[in-house]
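Novice: Residues 62 to 262 in our numbering are what the sequence shown spells out, letter by letter.
Hint data in this document are derived by calculation from the structure and do not stem from the laboratory.
There may be inaccurate statements among the hints.
Simulated restraints, written as ranges between beta carbons of each label pair [unchecked claim]:
#, residue 1, residue 2, range
1, Asn155, Glu188, 34 to 40 Å
2, Lys76, Val136, 18 to 24 Å
3, Phe118, Asn163, 49 to 55 Å
4, Asn150, Phe120, 30 to 36 Å
5, Asp159, Asp201, 15 to 21 Å
Simulated pairs of lysine-lysine, PhoX-like, Cα-Cα distance not exceeding 25 Å [what the hints assert, rightly or not]:
#, residue 1, residue 2
6, Lys157, Lys217
7, Lys202, Lys76
8, Lys233, Lys217
9, Lys76, Lys233
10, Lys166, Lys233
11, Lys166, Lys76
12, Lys157, Lys215
Here the structure is a predicted model, which is why all the values come from computation and not from measurement.
Every residue, glycine too, gets a C-beta built ideally from N, C-alpha and C.
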Amino acid sequence: MRKREGTYHDELYDKMWKTKGARFNAYERLRRKHQLSTYATSFVSAYLIVINLLTPFNFHTDLGIEPNTISFITVALSVVLLAFVILENTAEYNLKGDAFHNCSKEIGRLFNRLHSLIEQTNPDEDEIERIANDYADILDKYDNHSPIDYAVHKTKHKNDFDLNLIQREWIKFNANYLVHSHYILMIIGPPICVIIWWFNK
Numbered sequence: 062m063r064k065r066e067g068t069y070h071d072e073l074y075d076k077m078w079k080t081k082g083a084r085f086n087a088y089e090r091l092r093r094k095h096q097l098s099t100y101a102t103s104f105v106s107a108y109l110i111v112i113n114l115l116t117p118f119n120f121h122t123d124l125g126i127e128p129n130t131i132s133f134i135t136v137a138l139s140v141v142l143l144a145f146v147i148l149e150n151t152a153e154y155n156l157k158g159d160a161f162h163n164c165s166k167e168i169g170r171l172f173n174r175l176h177s178l179i180e181q182t183n184p185d186e187d188e189i190e191r192i193a194n195d196y197a198d199i200l201d202k203y204d205n206h207s208p209i210d211y212a213v214h215k216t217k218h219k220n221d222f223d224l225n226l227i228q229r230e231w232i233k234f235n236a237n238y239l240v241h242s243h244y245i246l247m248i249i250g251p252p253i254c255v256i257i258w259w260f261n262k
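Let the sequences and hints guide you as you build the complete structure.
Specialist: Structure follows, in structure tokens:
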């Protein structure tokens, strides 16, 4: 982005550019969250099925696990999975992500109109004011993005923001892994626990 600052329409240009980028990042974050939520639910369901198969095939005897222990683990994981599914369905990540995507596209169209206007020698101030009002209406229609979404926007435009390499990489790590860490833990946690138990039994 070419830096613009000083006048009212330059500030509006800057705000719209930042918001457009942040809202698109929010869409990508929620889409990824929905995918990981689906993966986590599927993996935990598969783990439950595997645990339930230990007793009928007498694997629990070979592993030295009591049937009561298997029953407890199965019931406990089932309750956790049920609560997780209810909470995730209530969150509606897909719908919220689509809303952010639509918001980004609507702002993008306004942004292009504004860009064309302010490139003119004598931009129409009334038209700029209409764009500003339309922009405010769009913001009122949609939820706000999270701080991490704007932070990711900064990492994508390093020439426009004063971020060093460590700051950029930390933001990327936070956005790609830390905010989704509970899903990752649900997917890889049980196999890791089994491996640790196996080598320490």
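Novice: Next, verify each hint and record whether it holds.
Specialist: Tested hints:
no. : hint                        : in the structure
1   : Asn155 / Glu188: 34 to 40 Å : holds (36 Å)
2   : Lys76 / Val136: 18 to 24 Å  : violated (52 Å)
3   : Phe118 / Asn163: 49 to 55 Å : holds (51 Å)
4   : Asn150 / Phe120: 30 to 36 Å : holds (33 Å)
5   : Asp159 / Asp201: 15 to 21 Å : holds (18 Å)
6   : Lys157 / Lys217             : holds (23 Å)
7   : Lys202 / Lys76              : holds (17 Å)
8   : Lys233 / Lys217             : holds (10 Å)
9   : Lys76 / Lys233              : holds (22 Å)
10  : Lys166 / Lys233             : holds (23 Å)
11  : Lys166 / Lys76              : holds (15 Å)
12  : Lys157 / Lys215             : holds (22 Å)
Against the hints set out earlier in the document, a violation occurs for number 2 only.
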